[in-house]
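J.: Construct all of the structure, not just a fragment, from the sequences and the given hints.
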Amino acid sequence: MREQLIRNLKVVYARLWVRVKGGNREPEWLIAELIIPMLTLSAYVYLYKMLNAPPEYGGFVIIGGTMVAFWSNVLWNMSAQFYWEKETGSLEVYLVAPISRMAILLGMALGGIVNTTLRAVAILVAGALIFQVPFALQEPLTALLMFFLTIIALYALGMLFASLFMLYGREAWHTASLLQEPVYLFSGLYFPVNQLPFVVQLVASLIPLTFGLDGIRRVIILGEGIADIWLNVAVLVVFILILLPLAKFALNYMENLGKKEGRLTLRWQ
Amino acid sequence: MKLPHSIETRDLTRIFKSKNETVKALDKVSLSIEEREIFGLLGPNGAGKTTFIKILTTLLLPTNGEAYVGGFNVIKEPDRVRKIISLVSGGETPGYGILSVRENLWFFSQLYGLSSTAAREKIKRLMADLDFEEYANTRMAKLSTGYRQRLNLARGLLSGPNILFLDEPTLGLDVLTAKKLRSYIVDWAKKEAKGTVLLTTHYMAEADEMCDRVAIIDRGRILACDSPSTLKENLKQKQIMRVEIASVQADFGFIDKMADVIGYSQTRNIQTGTTTLKIMVDNETAFAKIMRQLEKLKILSVSKAEPTLEDVYISLVGRGFEEGEASTSA
Numbered sequence: 001m002r003e004q005l006i007r008n009l010k011v012v013y014a015r016l017w018v019r020v021k022g023g024n025r026e027p028e029w030l031i032a033e034l035i036i037p038m039l040t041l042s043a044y045v046y047l048y049k050m051l052n053a054p055p056e057y058g059g060f061v062i063i064g065g066t067m068v069a070f071w072s073n074v075l076w077n078m079s080a081q082f083y084w085e086k087e088t089g090s091l092e093v094y095l096v097a098p099i100s101r102m103a104i105l106l107g108m109a110l111g112g113i114v115n116t117t118l119r120a121v122a123i124l125v126a127g128a129l130i131f132q133v134p135f136a137l138q139e140p141l142t143a144l145l146m147f148f149l150t151i152i153a154l155y156a157l158g159m160l161f162a163s164l165f166m167l168y169g170r171e172a173w174h175t176a177s178l179l180q181e182p183v184y185l186f187s188g189l190y191f192p193v194n195q196l197p198f199v200v201q202l203v204a205s206l207i208p209l210t211f212g213l214d215g216i217r218r219v220i221i222l223g224e225g226i227a228d229i230w231l232n233v234a235v236l237v238v239f240i241l242i243l244l245p246l247a248k249f250a251l252n253y254m255e256n257l258g259k260k261e262g263r264l265t266l267r268w269q
Numbered sequence: 001m002k003l004p005h006s007i008e009t010r011d012l013t014r015i016f017k018s019k020n021e022t023v024k025a026l027d028k029v030s031l032s033i034e035e036r037e038i039f040g041l042l043g044p045n046g047a048g049k050t051t052f053i054k055i056l057t058t059l060l061l062p063t064n065g066e067a068y069v070g071g072f073n074v075i076k077e078p079d080r081v082r083k084i085i086s087l088v089s090g091g092e093t094p095g096y097g098i099l100s101v102r103e104n105l106w107f108f109s110q111l112y113g114l115s116s117t118a119a120r121e122k123i124k125r126l127m128a129d130l131d132f133e134e135y136a137n138t139r140m141a142k143l144s145t146g147y148r149q150r151l152n153l154a155r156g157l158l159s160g161p162n163i164l165f166l167d168e169p170t171l172g173l174d175v176l177t178a179k180k181l182r183s184y185i186v187d188w189a190k191k192e193a194k195g196t197v198l199l200t201t202h203y204m205a206e207a208d209e210m211c212d213r214v215a216i217i218d219r220g221r222i223l224a225c226d227s228p229s230t231l232k233e234n235l236k237q238k239q240i241m242r243v244e245i246a247s248v249q250a251d252f253g254f255i256d257k258m259a260d261v262i263g264y265s266q267t268r269n270i271q272t273g274t275t276t277l278k279i280m281v282d283n284e285t286a287f288a289k290i291m292r293q294l295e296k297l298k299i300l301s302v303s304k305a306e307p308t309l310e311d312v313y314i315s316l317v318g319r320g321f322e323e324g325e326a327s328t329s330a
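First to last, the sequence lines map onto chains D and G.
The letter at position 105 of the first sequence is residue 105 when you use our numbering, and the numbering goes up by one with no holes.
The letter at position 308 of the second sequence is residue 308 when you use our numbering, and the numbering goes up by one with no holes.
Among the clues, some could well be false.
[As the list claims (entries may be wrong)] Distance condition first, Cα-Cα at most 30 Å in a straight line; then the derived DSBU-like pairs of lysine-lysine:
1. G:Lys257 to G:Lys83
2. D:Lys260 to G:Lys257
3. G:Lys296 to G:Lys257
4. D:Lys248 to D:Lys21
5. D:Lys21 to G:Lys142
6. G:Lys191 to G:Lys179
7. D:Lys248 to G:Lys83
8. G:Lys232 to G:Lys24
9. G:Lys124 to G:Lys142
10. D:Lys248 to G:Lys76
11. G:Lys278 to G:Lys179
12. G:Lys76 to G:Lys17
13. D:Lys260 to G:Lys83
14. G:Lys122 to D:Lys21
15. G:Lys179 to G:Lys194
16. G:Lys257 to G:Lys278
17. G:Lys180 to G:Lys124
18. G:Lys190 to G:Lys122
19. G:Lys278 to G:Lys296
20. D:Lys260 to G:Lys76
21. G:Lys278 to G:Lys304
22. G:Lys124 to G:Lys191
23. D:Lys260 to G:Lys19
24. G:Lys83 to D:Lys21
25. D:Lys260 to G:Lys24
26. D:Lys248 to G:Lys17
27. G:Lys190 to G:Lys124
28. G:Lys236 to G:Lys179
29. G:Lys232 to G:Lys179
30. D:Lys21 to G:Lys124
31. G:Lys296 to G:Lys238
32. G:Lys236 to G:Lys257
33. G:Lys76 to G:Lys28
34. G:Lys180 to G:Lys190
35. G:Lys278 to G:Lys298
36. D:Lys260 to G:Lys17
37. G:Lys180 to G:Lys142
If you are wondering where the hints come from, they were derived from the structure by calculation, not from laboratory data.
T.: Encoded structure:
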């Protein structure tokens with residue numbers, strides 16, 4: 001039991017290390033993950049300025065742009081990763097090794113969080129300096145709590161999607177593509193979600209990013225505290241409690257299904 | 001229940017079903033492989049070799065039958081099986097192109113919980129043994145196919161497995177690299193206290209050179225199982241002739257219809273415009289009849305051949321590998 005735990009912890013660290021090392025080895029990431037998102041942010045910030053929107057809207061956009069990085073990372077570098085691992089033969093090596101599949105995913109998630117946090121902080125700082133966004137942060141710990149709860153819930157969702165990629169490959173790819181833009185819209189990445197119609201807000205509430213983003217914005221931009229955003233915290237905790245075990249179950253289920261159907265390591269699906 | 005064999009299967013069957021067809025990839029395969037044995041599974045593409053290895057390495061469930069690896073049931077005790085095995089597949093490059101060879105190997109060592117010191121030492125030794133130390137800091141993406149396969153084999157040996165599964169380990173490699181890897185694997189199996197190797201290949205010479213015993217598999221069924229020398233010895237009573245013909249388009253279907261013909265194989269060489277026939281017959285009279293038919297073509301050479309494992313396959317199936325490759329791959 002202890003030996004198994006140590007081995008899995010080593011796997012978590014090793015997979016995290018691979019992601020961080022690989023992700024930062026070539027400087028091209030600066031263009032793809034920092035400069036291009038900044039251009040998108042600029043468009044929204046200038047649009048709000050042109051419409052004489054309150055200056056807080058600029059902050060909303062910057063925070064949204066920061067969190068977009070995490071959502072993209074979850075979708076394409078976390079969920080879809082199993083697809084690439086399968087194509088190169090790495091997935092086969094993982095599955096033959098005496099390790100927990102969740103350890104691999106956790107390592108990927110943590111590595112993704114480290115890399116994306118670096119990018120997110122860069123976007124946040126650059127955005128704040130360039131656009132002179134007003135921050136009214138009163139409770140930094142609450143901001144950190146909201147941030148980590150949001151990230152854990154998001155990556156738990158990523159783990160759930162990863163199980164789909166383990167088996168369905170290209171079909172899951174389409175699902176991820178399908179989720180990208182609607183989540184941008186429903187989670188209110190570039191505008192406050194309360195501007196959306198009530199029914200759409202209901203749909204949006206199924207996405208952990210919506211609550212996380214709302215909470216983070218209220219704490220950082222509007223200066224609210226834990227007493228004001230307790231509902232966001234509670235909802236995110238519920239998301240985490242549901243998504244993590246669900247991801248583990250889905251991973252086991254998909255692995256067994258793959259073994260039965262013979263599709264677990266089948267390429268070019 | 002612990003069993004004395006390193007690998008044992010009983011009536012192992014795997015059926016793949018899709019909308020349009022049902023393929024029996026393995027048909028009641030029963031095999032026993034002993035500790036420290038290098039065992040070859042020889043057959044054309046689609047014969048069921050990879051399916052067999054996937055079941056034994058816990059990547060696939062059988063439809064029926066039982067399989068034990070190191071005494072552990074692959075269905076009921078997959079975690080225990082995984083601790084003592086390693087799988088190396090030819091033509092694949094698990095790992096991360098952006099990382100160096102050493103970094104990739106370190107990563108894979110962590111899947112088996114090696115300490116960093118032990119991992120470093122093992123990596124150094126394996127890279128030296130497999131002659132690719134100078135590429136230790138080269139990114140994997142920049143390695144040639146041969147060096148990638150050396151890396152792949154080193155990765156498979158890092159964990160110190162008791163049982164090594166090699167699925168077409170020399171696929172696509174140049175002659176020298178393939179020879180190097182074969183010789184290393186044979187040495188490894190001799191040195192390791194419990195080193196059992198299950199090798200799948202469709203290269204006859206590879207099986208002949210490396211294996212203590214070989215099972216010939218075709219369309220999911222084991223047709224013969226013995227040492228290469230015994231399998232070939234059984235053909236001593238047969239006549240095997242090699243005929244080289246200056247044509248790549250001639251139809252040799254008539255050979256099948258002739259009496260006393262056990263089987264034949266044909267290898268067409270587009271570059272030289274020649275076809276080499278290997279014909280196995282029960283007696284020389286049959287061969288004389290075939291030669292009379294072939295006289296219509298330009299015969300470049302005729303020679304008597306010593307039995308090889310390919311001839312064993314021909315004697316069992318009636319055709320060579322090239323003609324017999326199934327349309328489905330498993």
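J.: Could you run down the list of hints and mark each one as holding or not?
T.: Consistency of the hints with the structure:
no.: 1; hint: G:Lys257 to G:Lys83; in the structure: 52 Å, violated
no.: 2; hint: D:Lys260 to G:Lys257; in the structure: 42 Å, violated
no.: 3; hint: G:Lys296 to G:Lys257; in the structure: 18 Å, holds
no.: 4; hint: D:Lys248 to D:Lys21; in the structure: 26 Å, holds
no.: 5; hint: D:Lys21 to G:Lys142; in the structure: 17 Å, holds
no.: 6; hint: G:Lys191 to G:Lys179; in the structure: 18 Å, holds
no.: 7; hint: D:Lys248 to G:Lys83; in the structure: 21 Å, holds
no.: 8; hint: G:Lys232 to G:Lys24; in the structure: 28 Å, holds
no.: 9; hint: G:Lys124 to G:Lys142; in the structure: 20 Å, holds
no.: 10; hint: D:Lys248 to G:Lys76; in the structure: 20 Å, holds
no.: 11; hint: G:Lys278 to G:Lys179; in the structure: 25 Å, holds
no.: 12; hint: G:Lys76 to G:Lys17; in the structure: 23 Å, holds
no.: 13; hint: D:Lys260 to G:Lys83; in the structure: 22 Å, holds
no.: 14; hint: G:Lys122 to D:Lys21; in the structure: 22 Å, holds
no.: 15; hint: G:Lys179 to G:Lys194; in the structure: 23 Å, holds
no.: 16; hint: G:Lys257 to G:Lys278; in the structure: 16 Å, holds
no.: 17; hint: G:Lys180 to G:Lys124; in the structure: 18 Å, holds
no.: 18; hint: G:Lys190 to G:Lys122; in the structure: 18 Å, holds
no.: 19; hint: G:Lys278 to G:Lys296; in the structure: 18 Å, holds
no.: 20; hint: D:Lys260 to G:Lys76; in the structure: 14 Å, holds
no.: 21; hint: G:Lys278 to G:Lys304; in the structure: 9 Å, holds
no.: 22; hint: G:Lys124 to G:Lys191; in the structure: 18 Å, holds
no.: 23; hint: D:Lys260 to G:Lys19; in the structure: 16 Å, holds
no.: 24; hint: G:Lys83 to D:Lys21; in the structure: 28 Å, holds
no.: 25; hint: D:Lys260 to G:Lys24; in the structure: 14 Å, holds
no.: 26; hint: D:Lys248 to G:Lys17; in the structure: 28 Å, holds
no.: 27; hint: G:Lys190 to G:Lys124; in the structure: 21 Å, holds
no.: 28; hint: G:Lys236 to G:Lys179; in the structure: 28 Å, holds
no.: 29; hint: G:Lys232 to G:Lys179; in the structure: 22 Å, holds
no.: 30; hint: D:Lys21 to G:Lys124; in the structure: 21 Å, holds
no.: 31; hint: G:Lys296 to G:Lys238; in the structure: 26 Å, holds
no.: 32; hint: G:Lys236 to G:Lys257; in the structure: 23 Å, holds
no.: 33; hint: G:Lys76 to G:Lys28; in the structure: 19 Å, holds
no.: 34; hint: G:Lys180 to G:Lys190; in the structure: 16 Å, holds
no.: 35; hint: G:Lys278 to G:Lys298; in the structure: 16 Å, holds
no.: 36; hint: D:Lys260 to G:Lys17; in the structure: 10 Å, holds
no.: 37; hint: G:Lys180 to G:Lys142; in the structure: 21 Å, holds
Violated hints, in rising order: 1, 2; the structure is consistent with all others.
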